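Student: One line per chain: the protein sequences are A, B, C, D, E, F, G, H, I and J, in this order. The first sequence: position 89 = 89 (my numbering), numbered continuously. The second sequence: position 52 = 52 (my numbering), numbered continuously. The third sequence: position 17 = 17 (my numbering), numbered continuously. The fourth sequence: position 99 = 99 (my numbering), numbered continuously. The fifth sequence: position 34 = 34 (my numbering), numbered continuously. The sixth sequence: position 89 = 89 (my numbering), numbered continuously. The seventh sequence: position 16 = 16 (my numbering), numbered continuously. The eighth sequence: position 73 = 73 (my numbering), numbered continuously. The ninth sequence: position 12 = 12 (my numbering), numbered continuously. The tenth sequence: position 81 = 81 (my numbering), numbered continuously.
Bear in mind the hints are in silico, worked out from the structure with no lab data behind them. This structure is a prediction, so every number in the text was calculated from the model and none was measured. Treat the hints with care, as some may be off.
[Stated by the list, open to error] Lysine-lysine pairs mimicking DSSO-like chemistry, simulated, CA-CA at most 30 Å apart:
(1) 36/D to 36/C
(2) 62/A to 36/E
(3) 7/D to 59/F
(4) 59/F to 62/D
(5) 16/A to 36/E
(6) 36/G to 36/F
(7) 59/C to 96/B
(8) 36/C to 59/F
(9) 36/G to 7/B
(10) 62/B to 46/G
(11) 46/I to 96/J
(12) 16/F to 46/D
(13) 46/H to 46/F
(14) 16/E to 7/D
(15) 59/A to 96/J
(16) 62/E to 96/D
(17) 96/H to 16/F
(18) 36/B to 96/G
(19) 36/G to 96/F
(20) 36/A to 96/I
(21) 96/D to 46/C
(22) 62/C to 46/B
(23) 36/I to 16/J
(24) 46/A to 62/I
The primary structure of each chain is shown beneath.
Number of protein chains: 10
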Amino acid sequence: MSTLPSKELEVFPNPKPSRDYTIRIETPEFTCLCPKTGQPDFATLKLEYIPDVLCVELKSWKLYLWSFRDEGAFHEDVSNRILDDLVSALNPRYAKLTAEFNVRGGVYTTVVVEHESQP
Amino acid sequence: MSTLPSKELEVFPNPKPSRDYTIRIETPEFTCLCPKTGQPDFATLKLEYIPDVLCVELKSWKLYLWSFRDEGAFHEDVSNRILDDLVSALNPRYAKLTAEFNVRGGVYTTVVVEHESQP
Amino acid sequence: MSTLPSKELEVFPNPKPSRDYTIRIETPEFTCLCPKTGQPDFATLKLEYIPDVLCVELKSWKLYLWSFRDEGAFHEDVSNRILDDLVSALNPRYAKLTAEFNVRGGVYTTVVVEHESQP
Amino acid sequence: MSTLPSKELEVFPNPKPSRDYTIRIETPEFTCLCPKTGQPDFATLKLEYIPDVLCVELKSWKLYLWSFRDEGAFHEDVSNRILDDLVSALNPRYAKLTAEFNVRGGVYTTVVVEHESQP
Amino acid sequence: MSTLPSKELEVFPNPKPSRDYTIRIETPEFTCLCPKTGQPDFATLKLEYIPDVLCVELKSWKLYLWSFRDEGAFHEDVSNRILDDLVSALNPRYAKLTAEFNVRGGVYTTVVVEHESQP
Amino acid sequence: MSTLPSKELEVFPNPKPSRDYTIRIETPEFTCLCPKTGQPDFATLKLEYIPDVLCVELKSWKLYLWSFRDEGAFHEDVSNRILDDLVSALNPRYAKLTAEFNVRGGVYTTVVVEHESQP
Amino acid sequence: MSTLPSKELEVFPNPKPSRDYTIRIETPEFTCLCPKTGQPDFATLKLEYIPDVLCVELKSWKLYLWSFRDEGAFHEDVSNRILDDLVSALNPRYAKLTAEFNVRGGVYTTVVVEHESQP
Amino acid sequence: MSTLPSKELEVFPNPKPSRDYTIRIETPEFTCLCPKTGQPDFATLKLEYIPDVLCVELKSWKLYLWSFRDEGAFHEDVSNRILDDLVSALNPRYAKLTAEFNVRGGVYTTVVVEHESQP
Amino acid sequence: MSTLPSKELEVFPNPKPSRDYTIRIETPEFTCLCPKTGQPDFATLKLEYIPDVLCVELKSWKLYLWSFRDEGAFHEDVSNRILDDLVSALNPRYAKLTAEFNVRGGVYTTVVVEHESQP
Amino acid sequence: MSTLPSKELEVFPNPKPSRDYTIRIETPEFTCLCPKTGQPDFATLKLEYIPDVLCVELKSWKLYLWSFRDEGAFHEDVSNRILDDLVSALNPRYAKLTAEFNVRGGVYTTVVVEHESQP
Chain A
1 MSTLPSKELE VFPNPKPSRD YTIRIETPEF TCLCPKTGQP DFATLKLEYI PDVLCVELKS
61 WKLYLWSFRD EGAFHEDVSN RILDDLVSAL NPRYAKLTAE FNVRGGVYTT VVVEHESQP
Chain B
1 MSTLPSKELE VFPNPKPSRD YTIRIETPEF TCLCPKTGQP DFATLKLEYI PDVLCVELKS
61 WKLYLWSFRD EGAFHEDVSN RILDDLVSAL NPRYAKLTAE FNVRGGVYTT VVVEHESQP
Chain C
1 MSTLPSKELE VFPNPKPSRD YTIRIETPEF TCLCPKTGQP DFATLKLEYI PDVLCVELKS
61 WKLYLWSFRD EGAFHEDVSN RILDDLVSAL NPRYAKLTAE FNVRGGVYTT VVVEHESQP
Chain D
1 MSTLPSKELE VFPNPKPSRD YTIRIETPEF TCLCPKTGQP DFATLKLEYI PDVLCVELKS
61 WKLYLWSFRD EGAFHEDVSN RILDDLVSAL NPRYAKLTAE FNVRGGVYTT VVVEHESQP
Chain E
1 MSTLPSKELE VFPNPKPSRD YTIRIETPEF TCLCPKTGQP DFATLKLEYI PDVLCVELKS
61 WKLYLWSFRD EGAFHEDVSN RILDDLVSAL NPRYAKLTAE FNVRGGVYTT VVVEHESQP
Chain F
1 MSTLPSKELE VFPNPKPSRD YTIRIETPEF TCLCPKTGQP DFATLKLEYI PDVLCVELKS
61 WKLYLWSFRD EGAFHEDVSN RILDDLVSAL NPRYAKLTAE FNVRGGVYTT VVVEHESQP
Chain G
1 MSTLPSKELE VFPNPKPSRD YTIRIETPEF TCLCPKTGQP DFATLKLEYI PDVLCVELKS
61 WKLYLWSFRD EGAFHEDVSN RILDDLVSAL NPRYAKLTAE FNVRGGVYTT VVVEHESQP
Chain H
1 MSTLPSKELE VFPNPKPSRD YTIRIETPEF TCLCPKTGQP DFATLKLEYI PDVLCVELKS
61 WKLYLWSFRD EGAFHEDVSN RILDDLVSAL NPRYAKLTAE FNVRGGVYTT VVVEHESQP
Chain I
1 MSTLPSKELE VFPNPKPSRD YTIRIETPEF TCLCPKTGQP DFATLKLEYI PDVLCVELKS
61 WKLYLWSFRD EGAFHEDVSN RILDDLVSAL NPRYAKLTAE FNVRGGVYTT VVVEHESQP
Chain J
1 MSTLPSKELE VFPNPKPSRD YTIRIETPEF TCLCPKTGQP DFATLKLEYI PDVLCVELKS
61 WKLYLWSFRD EGAFHEDVSN RILDDLVSAL NPRYAKLTAE FNVRGGVYTT VVVEHESQP
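Let the hints inform the model, and build the full structure from the sequences given.
Tutor: In structure tokens, the structure reads:
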């Protein structure tokens with residue numbers, strides 16, 4: 001597996017697809033750039049999902065988030081895009097992403113995005 | 001965009017209108033005046049909404065809240081008015097405003113106001 | 001308005017009766033007397049209600065609670081009586097009172113009383 | 001009322017039987033003996049109940065819990081027995097007992113027992 | 001009972017099978033090895049179950065968890081296996097295992113696995 | 001001993017006068033009246049002292065603090081007077097009283113008073 | 001006493017000048033304007049002082065802090081000026097002011113200023 | 001070693017007598033009886049000591065504290081006696097015992113006792 | 001002033017050089033790269049200093065810390081270099097930098113560096 | 001560098017030997033075996049030291065602590081040995097190790113060991 005930032009999410013087979021269960025992955029180390037000012041933004045990302053046949057590899061998730069370090073990204077847009085990328089890679093039964101951005105101008109912003117698979 | 005207090009809320013297009021998702025914006029820096037005594041009141045405002053086709057611009061929300069700094073405002077009334085202004089500007093699918101006022105006379109007051117769009 | 005303890009609760013018109021919304025009022029400074037021993041009891045009172053056409057005036061609520069300072073009162077009984085008085089004065093759509101009494105004899109007691117208006 | 005440990009729970013008439021309301025009684029001072037080793041066990045007991053026509057007298061509850069000080073008691077069994085005794089004495093509309101035992105061998109054990117009256 | 005690590009879970013008869021009630025057992029001292037690097041992993045395990053005719057003996061649960069100390073184990077897989085072993089030994093009416101793994105590479109992972117008995 | 005409020009502090013002989021040691025007594029239940037407005041004030045009182053030949057009896061300390069319930073008292077003055085009364089009754093080697101008053105008008109006030117015996 | 005913002009600090013005689021003791025006054029409701037941008041700044045102010053012959057009246061302190069609401073003020077400068085004003089009004093034996101400003105641009109700033117009287 | 005309550009403290013040789021170092025032992029499970037009322041008291045005991053040639057065996061400390069379970073004991077006296085027993089058994093270079101008793105009558109009491117060896 | 005990352009620290013005259021006082025500046029948003037692996041590191045930086053004739057401008061401090069975003073930096077070295085740069089720019093009477101790095105491999109590292117001016 | 005457990009501590013040159021500064025390294029993942037029962041013990045280890053000419057490499061510290069995983073170790077002895085090994089490898093100007101062991105038998109034990117270099 002690479003140790004460079006990458007938009008590719010690596011996956012592995014769910015060891016227990018017969019059971020609905022939940023995986024939570026939290027990282028307080030997400031950073032990107034503000035598209036208006038170019039200055040750094042920071043967030044804590046909390047992912048929670050119910051795998052179907054695939055799980056996301058943890059190190060790959062870290063490298064994926066690292067890939068935003070030099071990108072401009074609006075709060076609402078980047079939260080939706082990250083969830084979309086996860087859904088494309090895993091097609092989970094359920095997924096929720098909570099992005100808690102650091103305070104800017106006295107304002108704390110959090111974006112919560114959910115996905116449910118279509119039966 | 002102005003950098004002066006303003007009752008106008010600026011908006012931008014929701015980047016993912018096909019999905020119901022939640023945006024939370026919290027500011028601990030709301031202040032207005034007590035209509036009875038003229039003395040300052042302080043509150044933490046927590047907004048949570050599901051956008052339809054529009055999102056509220058964060059800096060504009062800050063300037064909007066700033067516009068109450070020199071106004072007299074009753075707790076119950078101002079909480080409803082702020083939510084009404086947001087609904088007028090965004091027409092969100094759902095919105096909730098929680099206003100936690102600082103203690104006065106040994107009493108802590110919180111007002112929680114909700115809006116759901118009509119189908 | 002008086003500044004003396006009083007069993008009268010003052011009210012004012014709900015500024016937004018067309019909307020169901022919630023008002024929470026918390027005071028950590030309730031004190032009465034134990035009817036058995038005559039010694040002081042202390043509690044934190046948390047009121048939460050949905051107003052109909054009337055709201056309770058905050059200072060009046062404080063003076064009302066003050067009126068119990070020299071009264072004997074059992075935990076279960078006084079919690080119900082305070083809610084009854086609020087319901088009589090406001091006829092709210094919903095009300096809940098939580099009374100958290102200070103520890104006595106190694107025991108912490110809380111009484112939670114609710115009211116819903118009859119349609 | 002006695003001031004000795006006692007298996008008898010004293011009761012008094014519910015002052016507001018026309019209303020469903022909740023009484024919570026928490027004590028961090030429960031202790032009994034381990035039936036296997038004879039060594040002391042400790043727990044925090046949290047009782048929550050909706051009274052019907054009777055309430056439990058607080059001091060009597062304290063003396064009742066004291067009566068286990070010199071008894072051997074398994075976690076699961078004693079939690080069920082305490083709830084059964086309360087139900088026998090009060091016949092409440094609802095009751096829940098949560099027993100949080102102190103850590104033993106790196107393991108924290110909690111037992112949660114509920115009762116609902118039969119209509 | 002043995003005092004050695006063991007995959008065998010010892011059980012005892014549920015003292016109150018006529019009632020649905022909950023037993024929670026938490027240990028912050030689970031450790032196994034990472035199958036990729038061979039280095040130690042650590043987790044807090046929280047078990048919650050509703051017993052049917054059998055309960056798990058606490059010391060036996062501790063020895064069972066100890067048996068993973070020298071084993072390689074993936075987060076998702078080991079969480080499912082531990083729940084499966086408990087279900088095999090107890091056949092509980094309900095069981096949930098929450099495994100909160102220590103941070104690795106800036107990422108906190110939690111796996112939540114549930115079982116409900118078939119009627 | 002009386003069970004009425006009393007300005008008299010009861011004492012008992014220090015069981016270990018040969019050793020300097022510290023006794024801390026904290027009560028969150030002090031209440032008096034504001035001399036300006038007549039309305040109740042509340043405080044947490046923290047006493048810490050090194051006894052000489054006498055210790056203060058705990059229940060007597062509680063009854064002493066109770067005696068302020070119907071008295072007007074300024075924060076700075078009452079804190080000094082309580083320490084003076086303790087010093088008169090016990091003549092301790094050292095004593096410190098910390099009075100943390102509840103918030104009034106958005107302002108939290110604490111008074112810290114110390115005494116050291118003269119050699 | 002006025003109920004308007006005022007740069008005048010009112011004082012009263014220290015009730016116990018023979019003793020060195022400490023008075024702490026904390027308010028989380030200080031607000032002024034940023035001299036560069038004109039936008040509001042917020043801070044929690046913690047004052048601690050040992051009175052000599054004068055104490056500061058609490059309501060007057062609140063009105064004094066209120067007087068900065070419409071003034072531009074740099075963090076370092078305003079903290080020193082507030083302490084200077086207090087020293088001018090009270091000539092205390094000791095005084096310390098801690099001003100904890102709300103986060104701006106991801107940066108939390110605190111200024112701590114002390115004064116000791118000259119013998 | 002016995003597994004019964006015992007006033008005897010067992011010791012073992014300090015593995016590093018050439019170095020001054022500190023051992024802290026905390027137990028939240030101390031209980032004795034109130035000599036006035038016969039009712040149970042509870043405390044958290046925090047021991048901190050610098051060993052000379054002997055250390056106290058941990059299980060023995062637990063059995064020693066257990067020996068107070070059926071004894072009447074005043075707060076100030078029992079704290080001094082426990083430290084005296086430890087000093088007799090170990091002759092440590094330094095020792096401090098902090099006994100934090102559970103709240104009684106709204107009052108929290110802590111006793112702090114220290115010993116330094118004579119050179 | 002620039003809004004780009006910069007190694008230059010801007011300064012302004014100390015408004016009260018006649019008094020020793022303390023300025024604390026904390027940012028939880030420091031990030032650099034690990035020189036061994038190239039992967040991002042994160043830290044909270046806490047600066048505390050006593051100004052002499054110059055103070056550091058806050059926005060400039062933020063831009064200075066931003067300049068490390070793409071640099072490789074060892075924990076111990078970068079902490080010393082940042083303090084050295086501040087000392088070169090301000091020549092403060094005293095300065096302390098605390099760098100609390102995010103956990104890596106189960107290990108939390110903090111570096112604390114101090115400077116005192118030579119008289 | 002090896003990725004196996006090892007008693008060897010690797011070092012690197014202190015990048016700023018001209019300055020006394022402090023490095024803190026905390027790991028909550030220390031585990032060894034109880035020499036009496038063979039069962040696992042767990043501890044949080046907090047190291048704080050002032051380097052002279054050498055610093056300890058972080059990964060090497062982690063591998064060193066890992067080397068105790070299968071060893072029997074008494075609390076007091078292992079804490080002293082770990083500090084001795086660090087002193088042998090680094091000869092630091094100052095070092096302190098705090099070992100906070102997990103609760104056993106209701107007892108929480110902490111060992112604090114210090115070293116100062118001889119001038």
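Student: Now tell me, hint by hint, if it's right for this structure.
Tutor: Results of checking the hints against the structure:
no., hint, verdict
1, 36/D to 36/C, "42 Å, violated"
2, 62/A to 36/E, "17 Å, holds"
3, 7/D to 59/F, "29 Å, holds"
4, 59/F to 62/D, "20 Å, holds"
5, 16/A to 36/E, "20 Å, holds"
6, 36/G to 36/F, "42 Å, violated"
7, 59/C to 96/B, "27 Å, holds"
8, 36/C to 59/F, "17 Å, holds"
9, 36/G to 7/B, "23 Å, holds"
10, 62/B to 46/G, "27 Å, holds"
11, 46/I to 96/J, "22 Å, holds"
12, 16/F to 46/D, "39 Å, violated"
13, 46/H to 46/F, "20 Å, holds"
14, 16/E to 7/D, "20 Å, holds"
15, 59/A to 96/J, "35 Å, violated"
16, 62/E to 96/D, "28 Å, holds"
17, 96/H to 16/F, "15 Å, holds"
18, 36/B to 96/G, "34 Å, violated"
19, 36/G to 96/F, "46 Å, violated"
20, 36/A to 96/I, "34 Å, violated"
21, 96/D to 46/C, "22 Å, holds"
22, 62/C to 46/B, "26 Å, holds"
23, 36/I to 16/J, "20 Å, holds"
24, 46/A to 62/I, "27 Å, holds"
Hints 1, 6, 12, 15, 18, 19 and 20 from the earlier list are contradicted by this structure; the remaining hints agree with it.
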